[in-house]
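2 protein chains.
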Amino acid sequence: MTVEIPSMKIAVLGGAGKEGSGLALRWADAGHSVIIGSRDPARAQEAAAEINTTLGREAATGADNLSAAAEAELIVLAVPYAAQQATVETLRGCLAGKILIDVTVPLVPPKVARVQLPEGGSAVEAVQRMLGEEVRVVSAFQNISAHHLKHLGEEIDCDVLVCADDAEAGELVVRLARQIGLGAFYGGVLANSVVAEALTSVLIALNKRYKVPGAGIRITGIPRD
Amino acid sequence: MTVEIPSMKIAVLGGAGKEGSGLALRWADAGHSVIIGSRDPARAQEAAAEINTTLGREAATGADNLSAAAEAELIVLAVPYAAQQATVETLRGCLAGKILIDVTVPLVPPKVARVQLPEGGSAVEAVQRMLGEEVRVVSAFQNISAHHLKHLGEEIDCDVLVCADDAEAGELVVRLARQIGLGAFYGGVLANSVVAEALTSVLIALNKRYKVPGAGIRITGIPRD
Chain A
1090 MTVEIPSMKI AVLGGAGKEG SGLALRWADA GHSVIIGSRD PARAQEAAAE INTTLGREAA
1150 TGADNLSAAA EAELIVLAVP YAAQQATVET LRGCLAGKIL IDVTVPLVPP KVARVQLPEG
1210 GSAVEAVQRM LGEEVRVVSA FQNISAHHLK HLGEEIDCDV LVCADDAEAG ELVVRLARQI
1270 GLGAFYGGVL ANSVVAEALT SVLIALNKRY KVPGAGIRIT GIPRD
Chain B
1090 MTVEIPSMKI AVLGGAGKEG SGLALRWADA GHSVIIGSRD PARAQEAAAE INTTLGREAA
1150 TGADNLSAAA EAELIVLAVP YAAQQATVET LRGCLAGKIL IDVTVPLVPP KVARVQLPEG
1210 GSAVEAVQRM LGEEVRVVSA FQNISAHHLK HLGEEIDCDV LVCADDAEAG ELVVRLARQI
1270 GLGAFYGGVL ANSVVAEALT SVLIALNKRY KVPGAGIRIT GIPRD
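So the sequences go chain by chain: A and B.
1286 is the number that the numbering used here gives to position 197 of the first sequence; each next residue is one higher, with no gaps.
1174 is the number that the numbering used here gives to position 85 of the second sequence; each next residue is one higher, with no gaps.
Since the hints were derived computationally from the structure, they do not count as laboratory data.
When chains are identical, the list treats them as one kind, so a pair holds in a single copy or across two.
Each computed DMTMM-like pair below joins lysine to aspartate or glutamate, with the alpha-carbon atoms no more than 20 Å apart:
#1 K1300 - D1255
#2 K1200 - D1254
#3 K1297 - D1255
#4 K1300 - E1260
#5 K1297 - E1257
#6 K1187 - E1257
#7 K1297 - E1260
The model shown is predicted, which means the values in this text are computed figures rather than measured ones.
One chain only, chain A, in its complex shape (with noise of 0.2 Å):
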């Protein structure tokens, strides 16, 4: 299956960490111009470099998390749960109008395999809220191992529940991540995305139980491409 998008600016910032740094590798292959974005540049740089030597082209480049969020058309946030809500908070000028990209995992260590959602349900709600109408949030990729997205080409059998308010905005996000390589579906508003996060703890728990490194989901029921 071939996903043509036109090559778009995004920023992935928490891009030096493992999820982040995974999926900016993959739409980095797959032609997307990649913004890697840290609280410090200089790792933003190193990560940037790394992709850009796997891939042996300039694809990536590093900055700060507010420079790269500036200059990118869609963005995506991969920061720990801890830092979620202080990074959209130094975010809320340059976003309007763009597409926010949300891979946050509402853990809270040490008990993570047990869901602990916070107050008011999903925690991409709560910055859907902080944001306002002008920027268009979409829940997403939660539930995708790092470990895999690093390895080009490898198939992960785990599906990405996308989830949004806006349906456009969401379907954009169905597209990208098809385009690298996963199964993805819109599964309804944002509300919907306590799914997704609250999973990731079921999964830690499978993993427990049956003795496996990565259980995951798939939907069924629907026809794939």
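Following the hints, put chain B in place on chain A, whose structure we already have.
What follows is chain B alone, placed relative to chain A:
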């Protein structure tokens, strides 16, 4: 795959409804002694008679919810969400030392494609709090199509996520699900039931978006016997 479980006395409350009657039929077919419970004993007896006709033997009886629960070792709560807490309230006296499987999906019409979780997370946790530690509450079967349950032998392309604070009770329910032809996995503590409860709204959203009759999920990354 054959799963051997000694024959049990299973009460299915709300067993004249779609989901309850499907589960009751399958467990009766598997050799358990099933008591259909309903607010209306006449409806329960009708539903039991239908099962007996289908199977060609006396495998089910009907009673009011309280009598059904009192007589059984294992009680399945398959009433509508609006009746969940009131039904549990009437059962307090007769559940000590038993296992209660809660099948309730906390849908809030008319917006059934939007996750609307009860205050404090999952609906089943409120049931466990009402009943106290004497009753082992297990959450399961929220995402299984009633339509497919009714057709004995029909493969159901959706797994059952089983959640319980008591792992032993959870594992018994995993076996009871596998015995009637369902894929089932123990997904950790009762709080994790949020995923199964909320997933039904996501599946409804997927059905609408992709114009399919019954989206479901499969757990991946765990070998199946």
